[in-house]
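Engineer: These are the residues of each chain, in order.
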Amino acid sequence: MPIDESSRIKNSRRREVLRVIAALPLLALPLSALAQQFPTTKVNTTKLAVTDGEVTVGQLHSATGTMAISETGSIQAERLAIDQINATGGVLGRKIKIIQEDGASDWPTFAEKAKKLLVNDRVAAVFGCWTSASRKAVLPVFEKENGMLYYPTFYEGLEQSKNVIYTGQEATQQIIAGLDWIAKQKNAKTFFLIGSDYIWPRTSNKIARKHIENVLKGKVVGEEYYPLGTTQFGSLINKIKLQKPDVVYAIVVGGSNVAFYKQLKAAGVTSDKQTLLTISVTEDEMLGIGGENVEGFYAAMKYFQALDNPNNKKFVEAFKAKYGEKSVIGDVTQAAYLGPWLWKAAVEKAGSFDIDKIAAASPGIELKIAPEGYVKIHDNHHLWSKTRIGVAQKDGQFKVVYESGLIEPNPFPKGYQ
Amino acid sequence: MSWFSEFGAILAMQGFNGLSVFCVLLLMALGLAIIFGQMGVINMAHGEFLTIGAYTTYLFSSLTTSYAPAFAPYYFFFAIAGAFLIAFCVGYLVEWGLIRHLYRRPLDTLLATWGLSLVMQQAFRSTFGAKEVSATLPDWLMGSVKPSESIDIPINGLFVMGLTVILTGMLALLLYRSQWGLRVRATTQNRIMSGAVGINTRRVDRITFALGCGIAGIAGAAFTTIGSTGPTSGSLYIVDTFLTVVLGGAASLAGTIASAFTIAQTQATAEFFMHGSMAKVLTLSAVVLILMMRPQGLFSIKVRR
Chain A
1 MPIDESSRIK
11 NSRRREVLRV
21 IAALPLLALP
31 LSALAQQFPT
41 TKVNTTKLAV
51 TDGEVTVGQL
61 HSATGTMAIS
71 ETGSIQAERL
81 AIDQINATGG
91 VLGRKIKIIQ
101 EDGASDWPTF
111 AEKAKKLLVN
121 DRVAAVFGCW
131 TSASRKAVLP
141 VFEKENGMLY
151 YPTFYEGLEQ
161 SKNVIYTGQE
171 ATQQIIAGLD
181 WIAKQKNAKT
191 FFLIGSDYIW
201 PRTSNKIARK
211 HIENVLKGKV
221 VGEEYYPLGT
231 TQFGSLINKI
241 KLQKPDVVYA
251 IVVGGSNVAF
261 YKQLKAAGVT
271 SDKQTLLTIS
281 VTEDEMLGIG
291 GENVEGFYAA
301 MKYFQALDNP
311 NNKKFVEAFK
321 AKYGEKSVIG
331 DVTQAAYLGP
341 WLWKAAVEKA
351 GSFDIDKIAA
361 ASPGIELKIA
371 PEGYVKIHDN
381 HHLWSKTRIG
391 VAQKDGQFKV
401 VYESGLIEPN
411 PFPKGYQ
Chain P
1 MSWFSEFGAI
11 LAMQGFNGLS
21 VFCVLLLMAL
31 GLAIIFGQMG
41 VINMAHGEFL
51 TIGAYTTYLF
61 SSLTTSYAPA
71 FAPYYFFFAI
81 AGAFLIAFCV
91 GYLVEWGLIR
101 HLYRRPLDTL
111 LATWGLSLVM
121 QQAFRSTFGA
131 KEVSATLPDW
141 LMGSVKPSES
151 IDIPINGLFV
161 MGLTVILTGM
171 LALLLYRSQW
181 GLRVRATTQN
191 RIMSGAVGIN
201 TRRVDRITFA
211 LGCGIAGIAG
221 AAFTTIGSTG
231 PTSGSLYIVD
241 TFLTVVLGGA
251 ASLAGTIASA
261 FTIAQTQATA
271 EFFMHGSMAK
281 VLTLSAVVLI
291 LMMRPQGLFS
301 IKVRR
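Chain order of the listed sequences is A and P.
Residues 1 to 417 (the numbering used here) make up the first sequence, in order.
Residues 1 to 305 (the numbering used here) make up the second sequence, in order.
Because the hints were derived from the structure by calculation, they are not lab data.
The beta-carbon is built from N, C-alpha and C at its ideal position, and this holds for glycine as well.
Some hints here could point you the wrong way.
Said to hold, decoys possible - List of simulated lysine to aspartate or glutamate pairs, EDC-like, C-alpha gap at most 16 Å:
| id | chain 1 | residue 1 | chain 2 | residue 2 |
| --- | --- | --- | --- | --- |
| 1 | A | 244 | A | 272 |
| 2 | A | 273 | P | 149 |
| 3 | P | 280 | A | 197 |
| 4 | A | 162 | A | 317 |
| 5 | A | 136 | A | 106 |
| 6 | A | 189 | A | 121 |
| 7 | A | 376 | A | 325 |
| 8 | A | 244 | P | 6 |
| 9 | A | 386 | A | 403 |
| 10 | A | 394 | P | 139 |
| 11 | A | 47 | A | 121 |
| 12 | A | 210 | A | 223 |
Said to hold, decoys possible - Listing some non-contacts, in silico: residues in chain A with all C-beta distances to chain P over 10 Å:
| id | residue |
| --- | --- |
| 13 | 53 |
| 14 | 56 |
| 15 | 66 |
| 16 | 93 |
| 17 | 122 |
| 18 | 216 |
| 19 | 224 |
| 20 | 227 |
| 21 | 284 |
| 22 | 285 |
| 23 | 309 |
| 24 | 363 |
| 25 | 399 |
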């Protein structure tokens, strides 16, 4: 087919435009003075995916499967933080590029994807995991391949690794302050402990029991575990009615959570008759439970969406602008948001992307822009943080009624094991 | 004296609890009982039909609150009807597109319906989001009645109970007192002979499957009062459902009822004296023992395969 003159001109012009577009990143490069100040050969001595203009990080959560319900918020928060960091010049003058992998709520898949991110993609950091089971599955991979994981969930403690920064609370931070407050406020002496039957609720209740018996001098009148996914709580509710504990301490998770609170309400166990403190209901869970079914119950968390401070206002606004007016932010979502910021601070303090240098530089890093207020990384790679008590409201939010001082993270609590 | 009356109150509430668990088990097993019992199809996607019912209720609830708030106390009945219709239609399509190609291949059906359940879960997730949602339930459903000072009987429990009784009654009538029921039972007992005497067995299969799915939809709608609404909510019920149907013995409505009652009472009583996980172990051991002694289930009828 003969090519006529006009189309040839059009083609060559198009080619020229393309050439200019292709050259744009090259033009942008010399602009980043910071990147010139930190040449790639200096800041990346271990062959990570860091170039003159870009640094690649990984995101490893469950976007599908049963855990997607919880991990979606974390994925969103980490993306928001990374977008914000990129909008303000990136890390050491380099834009952050994300490779997202799906753990699919399956622990071996998590390990496999972690290996892929660390070995094939050579990512500089990974923001990911949610359940303890997934973290335990990837931990050996991170330690062997020397990666860096920012883990957002509050968890049972009893772990510490050079290759992990725990941005959520460990068990003692969340539990002890909450129990102290409720014991004092309600003059509580008897406690009924409830949990879903797996490691986090069991370890947490163990700590709670020790604290109730040894420190608060109270009594545990019942300790009950139900399999994950249980939907019938009638017998348990009758036992609560029989024992009449001053406080019900509940760590029920997942779909069971909804069933538990709906049935409590239907059985007439409401906040005007029974004090209940939970560490497993955030604004995310309230969506499924319905505010009217938990109204008046207490939750102990380090973060509530309703926190009244300028950092949080900005954070909530940005989050809603990006993900819709109706989106809610729970404790873990906020903790996930801290990950990229803490990593940026560590890289800048170390002046390097090298994992060993970041790990060494992390302790002592402070984050003053945290929505929860102020956090600082401890030598044990957990965060100093405050614990708050919130009262559940009908509209699905919490009203904050108490705020502790800054609590030291203590993943291996003596006398609590 | 006060201790005694309190003990009585707990006993009454615990008794009601046992009955309420029984009704929940029966309600979720009914749909499966006719699909598995009558057709021998192991429908692993049964839980997802429950989820369809739950999401239908959620849709009706959000539509009501945004367009007709005055209608809020009554929408639930329409949600139940809607749940039945939608689940029925989806069931009809699934039978036509998938199940009918797999009769006489039980293992393949098992795999195919399991795959279907995964597809449906992800479809819910993509449509409604991964997070759980909550239908605003009418206030009259969420309280409790107080026959005496210390007794609370949950209204949602009563509601599920009533619904179960009505549905079971209707199903029994359909199966044992209607032309359609006669055809279903004939097909169950001898498929080839039924075909020979002029029963359109394909049509019977399709309607039976769709009906089972429709009933699952109703159960899903009813369970929004006691449980969660999320992409995987239905799968929480699937194990107990199969347990009930298998223990009851295939092809027997009475067996399903007896088995739901046995499991519910064992579970509820055991839960009162030990914690939930142990109670589950005890219940499952009891079921295993019974099945070892009676592999055909509690009730069974002679079926020519």
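Engineer: Indicate, hint by hint, whether the structure satisfies it.
Structural biologist: Results for each hint:
1. A:244 x A:272: The hint holds at about 13 Å.
2. A:273 x P:149: It holds: about 14 Å lies between the C-alpha atoms, which stays within 16 Å.
3. P:280 x A:197: The given pair, whose Cα atoms are some 12 Å apart, holds under the 16 Å limit.
4. A:162 x A:317: violated (34 Å)
5. A:136 x A:106: holds (12 Å)
6. A:189 x A:121: Outside the cut-off at roughly 54 Å; violated.
7. A:376 x A:325: Cα-Cα ~31 Å, so violated.
8. A:244 x P:6: Roughly 12 Å separates the two Cα atoms, so the pair holds.
9. A:386 x A:403: At roughly 7 Å apart (the allowed maximum being 16 Å), residue 403 (chain A) and residue 386 (chain A) satisfy the hint.
10. A:394 x P:139: holds (13 Å)
11. A:47 x A:121: Holds, at roughly 10 Å.
12. A:210 x A:223: holds (13 Å)
13. 53: Non-interface label on residue 53 (chain A) holds, nearest chain P Cβ at 34 Å vs cutoff 10 Å.
14. 56: About 26 Å separates residue 56 (chain A) from the closest Cβ of chain P, which puts it past 10 Å; holds.
15. 66: violated (5 Å)
16. 93: Residue 93 (chain A) clear of chain P: closest Cβ-Cβ about 36 Å, beyond 10 Å.
17. 122: holds (30 Å)
18. 216: holds (23 Å)
19. 224: violated (4 Å)
20. 227: violated (5 Å)
21. 284: At about 6 Å from chain P, residue 284 (chain A) fails to clear the 10 Å cut-off, so the statement is violated.
22. 285: With a cut-off of 10 Å, residue 285 (chain A) comes too close to chain P, as the shortest Cβ separation is near 8 Å.
23. 309: holds (26 Å)
24. 363: Non-interface label on residue 363 (chain A) holds, nearest chain P Cβ at 35 Å vs cutoff 10 Å.
25. 399: At roughly 20 Å from the nearest Cβ of chain P, residue 399 (chain A) sits farther out than 10 Å, so the non-interface label holds.
In this structure, the earlier hints numbered 4, 6, 7, 15, 19, 20, 21 and 22 are contradicted, and the remaining ones agree with it.
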